[in-house]
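Chains as they are written, first to last, in our numbering: chain V, 1 to 411; chain H, 1001 to 1411.
None of these hints come from the bench; they were simulated from the model.
Owing to the predicted nature of the structure, the values given are computational and were not obtained by experimental measurement.
One or more of the hints may lead you astray.
Stated by the list, open to error - Covered, in the sense of this in silico footprint (three residues per stretch, anywhere, with C-beta under 8 Å from a C-beta of chain H), are these stretches of chain V:
id: 1; region: 2-9
id: 2; region: 37-47
id: 3; region: 118-129
id: 4; region: 137-145
id: 5; region: 207-219
id: 6; region: 246-259
id: 7; region: 286-299
C-beta: ideal position from N, C-alpha, C; glycine also.
There are 2 protein chains.
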Amino acid sequence: MTKINSNYLKLQGSYLFAHIAKQINAFLAKNPNADIIRLGIGDVTLPITKTVLDAMHSAVDEMGKKESFRGYGPEQGYDFLINTIIENDYTPRSIQFSKEEVFVSDGAKCDVGNIQELFSTDSIVAICDPVYPVYLDSNVMAGRTGEIKDNGYFDKIVYLPTNKENGFSPSLPDTNVNLIYLCSPNNPTGTALTKEELKKWIDYATKNKAIILYDAAYREYITDETLPKSIYEVEGAKKVAIEFNSFSKTAGFTGVRCAYTVVPKELEAYTDKGELYSVNKLWNRRQTTKFNGVPYIVQKAAEAVYSPQGKKETKELIEYYMTNAKIITDGLTNAGYEVYGGVNAPYIWWKLPAGIKSIDFLDILLEKCHVVGTPGSGFGPEGEGYFRLTAFGDRDRTIEAVKRITSTKFV
Amino acid sequence: MTKINSNYLKLQGSYLFAHIAKQINAFLAKNPNADIIRLGIGDVTLPITKTVLDAMHSAVDEMGKKESFRGYGPEQGYDFLINTIIENDYTPRSIQFSKEEVFVSDGAKCDVGNIQELFSTDSIVAICDPVYPVYLDSNVMAGRTGEIKDNGYFDKIVYLPTNKENGFSPSLPDTNVNLIYLCSPNNPTGTALTKEELKKWIDYATKNKAIILYDAAYREYITDETLPKSIYEVEGAKKVAIEFNSFSKTAGFTGVRCAYTVVPKELEAYTDKGELYSVNKLWNRRQTTKFNGVPYIVQKAAEAVYSPQGKKETKELIEYYMTNAKIITDGLTNAGYEVYGGVNAPYIWWKLPAGIKSIDFLDILLEKCHVVGTPGSGFGPEGEGYFRLTAFGDRDRTIEAVKRITSTKFV
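The shape of chain V in the complex, shown without the other chains:
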């Protein structure tokens, strides 16, 4: 008798975004002509830029000639891309990495979901609340949690409240934890951690022999130059942190699929016998066994993002979205709403009028404004009473959405 991994049964019904899609479809079925504006899922809308397209066309041509055809590449990624990443994302910040420390993949979601495999199933996991659901879900699936309780919290998980009261910067846990997921700029609150705040976490991890899983997928949206774009800008991080990065939001690669993860050679964890073991070696083994690398064409596309013209185009993409963020933030603020984020992140974290549940507001906003957003409670219990809007929409549609919202009475 084959038994399933019963941890899957602990998961909540369906993945947040799938649930939202279902709600929208139900609304559309009833209102087929509704002019819906989607500020829900954090998906980019501007096309891939010219420099990147040229690189892809050229790579496709290479694949068509015997002498330049590429079959299996290194699972970890081609040197040309890894070296380009190091030279552009780390060297200018005085951070040194060898090419064996950077792993190219098809998405930060995959790496963030798979990374927990490297660690013992009895590891104590700390996650911010609210936060991107994959950190929690992947650990539920692996059996690092108990059942979900009536209050919406999973047993055994250490939740780090990230709210208005602490300025959306989580406090250190008062118990000992092993794996700490940090996301900065945070999805969904839009808050980026300072160097001092990161230092606090690095010190905690160092002292408690914990490991920080640092999701920096939105780092290129940081506009405040005093804020770190990499956790490795802070001393001591190499010994305690893994960093996840992505081209999805930076260069509009959500449909192109490329990301990279840094696992420093200095990072170690303990065997059952209490001996130190290289986490870099574990990830390399995981990736070479269960992954076969990113398409050559896609890696050439990612390389092009770092060319002088590629950087210029990418900067324009980000500025476009951040102008949207300002339009939403200003619009809602001027209408008397309390909003957070939107300055160093493409997410606007909207405090709902008292008494409205965020899951209900999904329907209310759809019905009254034909605008889609994401209920805060989908990111964790502490997200209740909030709503996430994204800046990834079209300019005119974003302006229109703000107009609709600010001219509507919700209470």
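Dock chain H against the given chain V, drawing on the hints supplied.
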């Protein structure tokens, strides 16, 4: 104190192909001018065909225009590709699937490695010996094995000897097993299972409530028309089997990255309470949580493989490689060697002269012929005394390799 997943420590040193690469590099360092012919790793060498290239160029152009740009797609794959797969690979064989039963991914290696996550860690795993190492390694990592024993076998794994004595068709296990990995055509032995043999396994799985994980990545190399290309050609398979397929070897996609896995809705396994649960639902949850879909460009490329012209080109690729297979098989046979495979698979399974260990033969063949192959023992203890050659090389180089081998005395 963060502890690692100590199951990783049970794994053998490095992944087989990484080890071989190291040996070759050591040889090359000593013999920098050696004219090496690589018949080791099963990687294709012919370029992507015109129809597929055209589809990729056109998809790249779509990504460059706002109105046709694609961001996140469905994690399971686009309908256009899923429907094309069903219409071409299953409908003509009178097998019906709905689109929710086919999952597009970036590689059969990933799916084959990840599928075990859906099942209880105390599942008893049966694997053919010898076979593609990922089945075993992914289960070692998940803790379904004990330590490796002196004889090269992992404790708790049920090995199914696949050898000359049983015609490379494994016998049923005499104990009860839960997960059965079958690979047909088999990598490395090159043997394809008949419908009768598959029926035997389906009956076993049905009776014992086991699940068959059927790797059909090489199915397009089957030339004997009486042999099944899909396990679902045999009645009862939908209730007990998952099938893995790939465009890697069919259409030369090893560097393009696309595959698909079929998880029938009829397939169920048991919860801890003994209730039946949909495995399709589990895989859907796994993929939506930890995977973000295949690049749009790659899915358009895969779709083009099924166009009339795409099919014609793909057939030519396969015929080219299978002619190589015949050249190797005939050459070695005429030289008095015992060889298997090469008729319904791109692999030739070469029985080495008595007394030569396959890992030693890697060096011998390199030294004497400057030809690279894969030691049989790398695929399991039962592979000892065998050597795998692949038909994926260039025609002239394959002829040259056979000439070198057949004109050399190894004992």
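For each hint, the structure was consulted:
Evaluation of the coverage hint for the region 2-9 of chain V: fulfilled, as 7 residues show C-beta separations to chain H shorter than 8 Å, against a requirement of three. Beta-carbon proximity to chain H at under 8 Å applies to 6 residues in the region 37-47 of chain V; the threshold of 3 is reached and the given coverage holds. Against chain H, the region 118-129 of chain V contributes 6 residues with a C-beta closer than 8 Å to a partner C-beta. That satisfies the three-residue criterion, and the hint holds. Check on the region 137-145 of chain V: 3 of its residues sit with their Cβ under 8 Å from a Cβ of chain H, so the three-residue criterion for coverage holds.
With 4 residues having a Cβ less than 8 Å from any Cβ of chain H, the region 207-219 of chain V passes the three-residue criterion, so the hint holds. With 5 residues having a Cβ less than 8 Å from any Cβ of chain H, the region 246-259 of chain V passes the three-residue criterion, so the hint holds. Beta-carbon proximity to chain H at under 8 Å applies to 12 residues in the region 286-299 of chain V; the threshold of 3 is reached and the given coverage holds.
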